[in-house]
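Visitor: Guided by the hints, dock chain B onto chain A, whose structure is given.
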Amino acid sequence: QKEVEQNSGPLSVPEGAIASLNCTYSDRGSQSFFWYRQYSGKSPELIMSIYSNGDKEDGRFTAQLNKASQYVSLLIRDSQPSDSATYLCAVITSGTYKYIFGTGTRLKVLA
Amino acid sequence: DTAVSQTPKYLVTQMGNDKSIKCEQNLGHDTMYWYKQDSKKFLKIMFSYNNKELIINETVPNRFSPKSPDKAHLNLHINSLELGDSAVYFCASGGTGNQPQHFGDGTRLSIL
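Going down the list, the sequences are from chains A and B.
The first sequence: position 27 = 27 (this note's numbering), numbered continuously.
Adding 111 to a residue's 1-based position in the second sequence gives its number in this note's numbering.
If you are wondering where the hints come from, they were derived from the structure by calculation, not from laboratory data.
Just so it is clear, the structure is predicted and the values come from calculations on it, not from any experiment.
It is possible that part of the hints are untrue.
List time: in silico DSBU-like cross-link candidates among lysine-lysine, alpha-carbon distance up to 30 Å [to be verified]: (1) A/K67 - B/K151; (2) B/K133 - A/K56; (3) A/K42 - B/K178; (4) A/K108 - B/K182; (5) A/K67 - A/K98; (6) A/K67 - B/K182; (7) B/K182 - B/K133; (8) B/K163 - A/K42; (9) B/K147 - A/K42; (10) A/K108 - A/K67; (11) B/K155 - A/K108; (12) B/K120 - B/K163; (13) A/K98 - B/K182; (14) A/K56 - B/K120; (15) A/K98 - B/K120; (16) A/K98 - B/K130; (17) A/K67 - B/K152; (18) B/K147 - B/K163; (19) B/K120 - A/K108; (20) B/K152 - B/K163.
Cβ-Cβ distance ranges computed for the label pairs, FRET-style [to be verified]: (21) B/N128 - A/P14: 40 to 50 Å; (22) B/V123 - A/S69: 43 to 53 Å; (23) B/M126 - A/N66: 24 to 34 Å; (24) A/S82 - B/N209: 28 to 38 Å; (25) A/L75 - B/F153: 38 to 48 Å; (26) B/E193 - A/K56: 35 to 45 Å; (27) B/S221 - A/Y71: 30 to 40 Å; (28) A/L110 - B/H188: 41 to 51 Å; (29) A/D58 - B/G208: 20 to 30 Å; (30) A/N22 - B/N209: 15 to 25 Å; (31) A/S12 - B/E169: 31 to 41 Å; (32) A/S12 - B/N190: 42 to 52 Å; (33) B/F153 - A/Y71: 19 to 29 Å.
Every residue, glycine too, gets a C-beta built ideally from N, C-alpha and C.
Isolated chain A, as found in the complex (with noise of 0.2 Å):
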């Protein structure tokens, strides 16, 4: 089992609606998740980090976060053109504070 799956898409919506991406992790020690967006060509990109179980909302974005079930969410509501990415999942391993990174989903948001 990988450490942090996610699904590779491409997860394909329409401009204005909600786009839903989700991650499991395998470390149930696990404190630590954020989301990076990275576009074509370019560097990885901090969306958000969230430790507590519940939600985390940042303008259109809401990150959640089920640590008894070990799933994490970012969720893009009103989704636009310029959203179309790969969003990465990250996870901190406990004990060994190395980051782990899932093979990421692409998103296309459709005009």
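Guide: Frame of chain A, contents of chain B only:
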């Protein structure tokens, strides 16, 4: 001011050559990282230094040697380059513990 800068942006070279990539951060972070992103876009950690000390050394061929002269710099030297080394190499820096990382723009390495 660029927070994490790495040079060069592109590196095209032949098999068997030796090359270096440099990275500098001005964020005051203690920890710096090297990642490799392959053609399938999987981002894999290679090395991590905390205040000039190596703390993460993943299963990477010993042709790859990181060097950290001070906590603001982390360079990557690669000996005897192979075709499979073609990838984008990202430098990143982060605070200690559970803080997020910030990435440089990447170095696209192409081996002919």
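Visitor: With reference to the structure, classify each hint as holding or not holding.
Guide: Outcome of the hint check:
Using a Cα cut-off of 30 Å, the hinted pair A/K67 and B/K151 holds, with the two alpha carbons roughly 28 Å apart. A hinted pair counts as satisfied when its Cα atoms are at most 30 Å apart, and B/K133 with A/K56 does not qualify at roughly 36 Å. A threshold of 30 Å between alpha carbons decides the hint, and for A/K42 with B/K178 the separation of about 25 Å falls inside it, so the pair holds. For the proposed pair A/K108 and B/K182, the alpha carbon gap of about 39 Å is over 30 Å, so the pair is violated.
Straight-line distance between C-alpha atoms of A/K67 and A/K98 comes to about 18 Å, which keeps the hinted pair within the 30 Å bound. Distance hint between A/K67 and B/K182 is unfulfilled; the C-alpha atoms sit about 34 Å from each other, more than 30 Å. With a C-alpha separation of about 13 Å, the suggested pairing of B/K182 with B/K133 holds against the 30 Å cut-off. For the hint pairing B/K163 with A/K42, the CA-to-CA distance comes to about 27 Å; that is within 30 Å, so the pair holds.
A threshold of 30 Å between alpha carbons decides the hint, and for B/K147 with A/K42 the separation of about 14 Å falls inside it, so the pair holds. Between the alpha carbons of A/K108 and A/K67 the distance comes to roughly 28 Å, so the proposed pair stays at or under 30 Å and holds. Using a Cα cut-off of 30 Å, the hinted pair B/K155 and A/K108 holds, with the two alpha carbons roughly 24 Å apart. Our distance criterion of 30 Å between C-alpha atoms is met by B/K120 and B/K163, whose separation comes to about 24 Å.
Taking the CA atoms of A/K98 and B/K182, the gap is about 18 Å. The hint holds against a cut of 30 Å. With a CA separation close to 35 Å, the supplied pair A/K56 and B/K120 exceeds the 30 Å bound. A hinted pair counts as satisfied when its Cα atoms are at most 30 Å apart, and A/K98 with B/K120 qualifies at roughly 26 Å. As the CA atoms of A/K98 and B/K130 are separated by approximately 27 Å, the hinted pair is consistent with the 30 Å bound.
Only pairs whose Cα atoms come within 30 Å are accepted, and A/K67 paired with B/K152 is accepted, the gap being roughly 27 Å. For the suggested pair B/K147 and B/K163, the alpha carbons sit about 20 Å apart, so the restraint of at most 30 Å is met. The hinted pair formed by B/K120 and A/K108 meets the criterion: a straight-line CA distance of about 27 Å does not exceed 30 Å. As the CA atoms of B/K152 and B/K163 are separated by approximately 28 Å, the hinted pair is consistent with the 30 Å bound.
Judged by the Cβ atoms, the range 40 to 50 Å given for B/N128 and A/P14 holds: they are separated by roughly 48 Å. In this structure the supplied range 43 to 53 Å holds for B/V123 paired with A/S69, their Cβ-Cβ distance being about 46 Å. Between B/M126 and A/N66 the beta carbons are some 48 Å apart, a value that contradicts the proposed interval 24 to 34 Å. Between A/S82 and B/N209 the C-beta distance comes to about 30 Å, which sits within the given range of 28 to 38 Å.
Checked against the hint of 38 to 48 Å, the pair A/L75 and B/F153 fails, with Cβ atoms roughly 24 Å apart. Judged by the Cβ atoms, the range 35 to 45 Å given for B/E193 and A/K56 holds: they are separated by roughly 43 Å. The hinted window of 30 to 40 Å between B/S221 and A/Y71 holds, with their beta carbons roughly 38 Å apart. A/L110 and B/H188 have their C-beta atoms about 45 Å apart, which keeps the hinted 41 to 51 Å range intact.
Between A/D58 and B/G208 the Cβ separation comes to about 21 Å, which falls inside the hinted range of 20 to 30 Å. One distance hint, 15 to 25 Å for the beta-carbon pair A/N22 and B/N209, holds here, with the actual separation near 22 Å. Distance hint for A/S12 and B/E169: a CB-CB separation of about 34 Å, consistent with the stated range 31 to 41 Å. Evaluation of the 42 to 52 Å hint for A/S12 and B/N190 yields a pass: the beta carbon distance comes to about 44 Å.
Look at B/F153 against A/Y71: about 21 Å separates their beta carbons, and that is inside 19 to 29 Å.
The structure fails hints 2, 4, 6, 14, 23 and 25 (numbered hints given earlier, in ascending order).
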